[in-house]
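Chains as they are written, first to last, in the numbering used here: chain A, 17 to 321; chain B, 842 to 1229.
Rather than coming from a laboratory, the hints here were simulated on the basis of the structure. Treat the hints with care, as some may be off.
What the hints assert, rightly or not - If you want a taste of the chain B side facing chain A, the calculated C-beta under 8 Å gives, among others:
no.: 1; residue: 859
no.: 2; residue: 932
no.: 3; residue: 936
no.: 4; residue: 945
no.: 5; residue: 946
no.: 6; residue: 954
no.: 7; residue: 956
Stated by the list, open to error - Result set (BS3-like, lysine-lysine): computed pairs, CA atoms no more than 27 Å apart in a straight line:
no.: 8; chain 1: B; residue 1: 1152; chain 2: A; residue 2: 213
no.: 9; chain 1: A; residue 1: 51; chain 2: A; residue 2: 231
no.: 10; chain 1: A; residue 1: 231; chain 2: B; residue 2: 1195
no.: 11; chain 1: B; residue 1: 1020; chain 2: B; residue 2: 974
no.: 12; chain 1: A; residue 1: 231; chain 2: B; residue 2: 968
no.: 13; chain 1: B; residue 1: 971; chain 2: B; residue 2: 986
no.: 14; chain 1: A; residue 1: 231; chain 2: B; residue 2: 846
no.: 15; chain 1: B; residue 1: 846; chain 2: B; residue 2: 867
no.: 16; chain 1: B; residue 1: 849; chain 2: B; residue 2: 968
no.: 17; chain 1: A; residue 1: 213; chain 2: B; residue 2: 995
no.: 18; chain 1: A; residue 1: 231; chain 2: B; residue 2: 997
no.: 19; chain 1: B; residue 1: 997; chain 2: B; residue 2: 1033
no.: 20; chain 1: B; residue 1: 1152; chain 2: B; residue 2: 1195
no.: 21; chain 1: A; residue 1: 231; chain 2: B; residue 2: 1020
no.: 22; chain 1: B; residue 1: 989; chain 2: B; residue 2: 1033
no.: 23; chain 1: B; residue 1: 986; chain 2: B; residue 2: 968
no.: 24; chain 1: B; residue 1: 846; chain 2: B; residue 2: 971
no.: 25; chain 1: B; residue 1: 989; chain 2: B; residue 2: 846
no.: 26; chain 1: B; residue 1: 989; chain 2: B; residue 2: 971
no.: 27; chain 1: A; residue 1: 231; chain 2: B; residue 2: 971
All residues carry an ideal CB built from backbone N, CA and C; glycine is no exception.
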Amino acid sequence: MAMAGEKGRGRWFVIAVPYLWLLALFLAPFLIVFKISLSQDVVAQPPYAPTLDLAQGWAGFTEFLSGLSFANYGYVLDFSNEFLEAYGSSLVIASISTVLLLLVGYPIAYGMARAPRSIQPTLLMLVILPFWTSFLIRVYAWIGILSPEGLLNQGLMALGVIDTPLEILNTNLAVYIGIVYSYLPFMVLPLYAALEKLDLTLLEAAADLGCPPSKAFWTITFPLSLPGVAAGALLCFIPAVGEFVIPDLLGGSDTLMIGKSLWTEFTVNRSWTVSSAVAVLLLLVLVVPIVIYQNIQQRELEAGK
Amino acid sequence: MAADKARKETIGAVRRSFAPWADPGKTPLIRFENVVKRFGDFTAVDHVSLDIYEREFFALLGPSGCGKTTLMRMLAGFEEPSEGRLTLAGEDLAGVPPYRRPVNMMFQSYALFPHMNVQDNIAFGLKQDKMGKGEIDARVEEMLKLVKLEKFAKRKPHQLSGGQRQRVALARSLAKRPKVLLLDEPLGALDKKLREETQFELMDLQMDLGMTFLIVTHDQEEAMTVADRIAVMNNGVLVQVAPPAVIYEQPATRYVADFIGEVNLIEGTITQTGQDETHLSSPVTPFPLVVAQTMDCKAGDTACIAIRPEKLRIALEPPADQTENVFEGEIWDIGYLGDLSIYHVELACGQRIKVSQPNLSRVVARPISWDDKVWVTFAPHAGVVLTR
């Protein structure tokens, strides 16, 4: 019995580590942000009230509670304040980007998975290689490519394809280009992982049963790569919704994304409370796809391979 | 019971007289004509010519890497021959993609589609043929019944046992009623008992459906059990093509004799040849050896006698019958298997031979034991002389 107890304690200790990690680095910051979102802006340090004064004991605590309100949420959810529009626009941009990423990423992942085994590690390296450069610098580089005097326009004009420079920079198109470029590895890697483990004898079996290769792609390869498609799509969609750098650097003044709104609220309007409310609502919006992703992973594990 | 008996009699009648390969009037269904397959520098299949007839259960037997699977994959269309011609029912198969060939294959790994249930797996091939839905359902039903999996139609492959998956793979490959069914090590993943059962099921199935089966296996017992004819392959070459009993009793070469079952190879020199009689001398024994066989060779040629352990007899006394061949030796080791005992006998020259004897009685007055001096004998018709 003593042995079992010891073993049980050892196991609990191991399991507790990730939970402590989550508690310290996810739950605690979230609770702080959530608390701020329920406060009111004040000109003070910190710039919100109420704050919990433990020196006053229980009375201080009840006073603290009575000072909290959901007013900021009302403000964010008010149609006249553009936040709802920004959420919607973010979801649309993230969705379209995810579809584009899938269209670009799938052929890349497929080509990698079907390449000779010996060169697959090299291809994988090439996909990961851009991470060696700072994300910010890579996005800045796109300004140089897409601007009216940029590489793209100069190249096209030199070739005589166009006479006047294309307006790409500071439009939503530039945002799509930026997101697709930046997030491509997150789409390609899970797709590659799914396609690479596909048993090629299944395709032989399909051919043997009278199914030509083009059709076998849709009946065998694609359905079996769906877990990879889902993982890649969510890995791209979730961060794309809250994306701030890309719309800020490449997008125009009319590019409405929630990450940008949050930034403006925090830095320009200096409202910690409203920006906290925006962040909490963003998290709620993203809980749905995150739960879906978790479910898919769970099912993958249970299918047991 | 009566139906069973009647069925057995018809099967017996067909099996007894089935030998289309011996009938020059019969056209083979499958013809390999001088087929060569190279992968880079490696020749996997080396000038193979082989005829397989309709309704035949044909086995390709050989060690791994001997080219048997490549030969089958060329028939399925997954590999194209580097040289030579391959025809099916008179039609040249060159350039015909796998999805247009009237053959189906049961894969070694079963290759069941993991995202489809049993029913959809079986229906897959039928759907490719644009068959009507009612017809597909009826055929799937029939196949499920054939392999006794009616209750498992809605299960996914990963919810089935190994034996059940094997049967789904079989049903799927049979569903389209192919001219030829290819079986690539179909029973490799099953345990011994289930494998033996399934071998007999396969034979009955082949009989009932009247299809041509081509099985690839490295398991000689499996090939012997199921096949009408066996082709023994080694290093990409066909060594011998014959019915199981011929392969076992009259192997063409030392390789075949050694690959199929247990054998003792006694090397020697031919001293005399005649009608139904070949004499050899061997360093193994001072006595001349006689085999009842007509050989196309002359005195002085080297040859060997291949003799199966069960065709040797062992005794503690010298034999009375002078017409038998005899070796003198000492017991080196004994293996008691219950039904049989295997004796390893060391001859004077140092070569060891294996003798197996059925244990006919529960009690023996003086059992043969370690270090006993023994006489091993065999009749002239028990061995076979091999020159290759």
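Hint check results:
Nearest Cβ of chain A to the Cβ of residue 859/B: about 28 Å, over the 8 Å cut. The hint is violated. For residue 932/B, the shortest C-beta to C-beta distance to chain A is roughly 16 Å, which exceeds 8 Å, and the interface hint is violated. At a threshold of 8 Å, the smallest CB-CB gap from residue 936/B to chain A is about 15 Å, leaving the interface hint violated. Among the interface hints, the one on residue 945/B holds; its C-beta lies about 6 Å from the nearest C-beta in chain A, closer than the 8 Å criterion.
About 5 Å separates the beta-carbon of residue 946/B from the nearest beta-carbon of chain A, less than 8 Å, and the hint is met. Checking residue 954/B against chain A: minimum C-beta separation of about 6 Å stays under 8 Å; hint holds. Hint status for residue 956/B: holds, given a least beta-carbon distance of 5 Å to chain A, under 8 Å. With a CA separation close to 52 Å, the supplied pair residue 1152/B and residue 213/A exceeds the 27 Å bound.
Using a Cα cut-off of 27 Å, the hinted pair residue 51/A and residue 231/A is violated, with the two alpha carbons roughly 55 Å apart. For a cut-off of 27 Å, the pair hint linking residue 231/A to residue 1195/B is broken: about 58 Å separates their Cα positions. For the hint pairing residue 1020/B with residue 974/B, the CA-to-CA distance comes to about 23 Å; that is within 27 Å, so the pair holds. Among the hinted pairs, residue 231/A with residue 968/B is consistent with the structure: their alpha-carbon atoms are about 12 Å apart, no more than 27 Å.
Taken as a hint, the residue 971/B and residue 986/B pair is honoured in the structure, with Cα atoms around 23 Å apart against an allowance of 27 Å. For the hint linking residue 231/A to residue 846/B, the alpha-carbon distance of about 48 Å lies beyond 27 Å, and the restraint is violated. Note on residue 846/B and residue 867/B: the hinted pairing is violated, with a Cα-Cα distance of about 30 Å set against a maximum of 27 Å. For the hint pairing residue 849/B with residue 968/B, the CA-to-CA distance comes to about 36 Å; that exceeds 27 Å, so the pair is violated.
Proximity of residue 213/A to residue 995/B is assessed by CA-CA distance (about 25 Å); at most 27 Å being required, the pair is judged to hold. For the hint pairing residue 231/A with residue 997/B, the CA-to-CA distance comes to about 22 Å; that is within 27 Å, so the pair holds. Annotation: proposed proximity of residue 997/B to residue 1033/B holds, straight-line Cα distance about 25 Å (limit 27 Å). A C-alpha spacing of about 10 Å is found between residue 1152/B and residue 1195/B, which places the hinted pair at or below 27 Å, so the restraint holds.
Pair hint residue 231/A plus residue 1020/B holds up; C-alpha atoms about 24 Å apart against a cutoff of 27 Å. Among the hinted pairs, residue 989/B with residue 1033/B is consistent with the structure: their alpha-carbon atoms are about 20 Å apart, no more than 27 Å. About 19 Å separates the Cα atoms of residue 986/B and residue 968/B, which keeps this hinted pair within 27 Å; it holds. About 40 Å separates the Cα atoms of residue 846/B and residue 971/B, which puts this hinted pair outside 27 Å; it is violated.
In summary, the hint linking residue 989/B to residue 846/B is supported, as the alpha carbons are separated by about 22 Å, within the 27 Å threshold. Distance hint between residue 989/B and residue 971/B is fulfilled; the C-alpha atoms sit about 26 Å from each other, no more than 27 Å. Only pairs whose Cα atoms come within 27 Å are accepted, and residue 231/A paired with residue 971/B is accepted, the gap being roughly 13 Å.
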